[in-house]
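Using the sequences provided together with the hints, build the complete structure.
Heads up: the sequence lines are chains L and X, in that order. Quick note: to get this note's numbering, add 14 to the position in the first sequence (first position is 1). Quick note: to get this note's numbering, add 928 to the position in the second sequence (first position is 1).
Please keep in mind that the hints were generated in silico from the structure rather than gathered at the bench. Please note that the accuracy of each hint is not assured.
[What the hints assert, rightly or not] Beta-carbon label-pair distances, calculated as ranges:
#1 L:PRO53 / X:GLY957: 28 to 34 Å
#2 L:PRO22 / X:SER1013: 21 to 27 Å
#3 L:SER94 / X:SER1013: 18 to 24 Å
#4 X:ARG995 / L:THR130: 43 to 49 Å
#5 X:LYS984 / L:GLY110: 22 to 28 Å
#6 L:PHE26 / X:SER986: 38 to 44 Å
#7 X:GLU936 / L:SER94: 30 to 36 Å
#8 L:GLY110 / X:SER931: 23 to 29 Å
#9 L:GLN55 / X:SER1007: 28 to 34 Å
#10 L:PRO53 / X:PRO1039: 22 to 28 Å
#11 L:GLY110 / X:PRO1039: 41 to 47 Å
#12 X:LYS984 / L:LYS71: 23 to 29 Å
#13 L:GLU76 / X:PRO1039: 44 to 50 Å
#14 L:THR91 / X:SER986: 38 to 44 Å
All C-beta atoms in this analysis are idealised placements derived from N, C-alpha and C, irrespective of residue type, glycine included.
Listed below are the residues making up each chain.
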Amino acid sequence: DGGITQSPKYLFRKEGQNVTLSCEQNLNHDAMYWYRQDPGQGLRLIYYSQIVNDFQKGDIAEGYSVSREKKESFPLTVTSAQKNPTAFYLCASSIGQDSSYNSPLHFGNGTRLTVT
Amino acid sequence: GNSVTQMEGPVTLSEEAFLTINCTYTATGYPSLFWYVQYPGEGLQLLLKATKADDKGSNKGFEATYRKETTSFHLEKGSVQVSDSAVYFCALQGGSEKLVFGKGTKLTVNP
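Right, dumping it as structure tokens:
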């Protein structure tokens, strides 16, 4: 079955350490996204990529970095510069830039990151 | 810019009750509107969508009608089940703008 795989499901890190969250899709989608979900705040866009080797900052990119070297993969690194990294992180993909009509977002099951 | 406002939860209902979750939006032009659902411990799934005024999206017994005159896209279901317990997100996308989500409404259905 096609889908998006995020790993690991739970991740624990000490403060000051960088950590990389994995996101892989086999849907052959061009666009991929990273969202952060906090209680009572809905989803906030961190980074997105519409094509391989290109990505753009979302609304809360500070303290995060991404790469898009392959169509299938869009890893997110949470750096030590991110002040409040503990959150639920969701990766998503869509067919292309114009996702408003025929291409809804497909989401992974998320990674819950806890930094202490 | 574009924005979505949905009713705050949590919402608690008994099985077979009628559900309404309100969603209103602010946007220029003619956005597309969506409802996504998030079951416990999972990511979001598209529940239904509408791409133009007066369109009705429907899926799994849920319905929402795109009302341009009231800038609303309220989610309804006639008879909820325990398995409908989840968080529901209203979302909007207009033109080349990114998808904008509401803050989510948590629904709990008791047997």
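>> Name the hints, by number, that the structure is in violation of.
In response: Of the numbered hints, 3, 12 do not hold.
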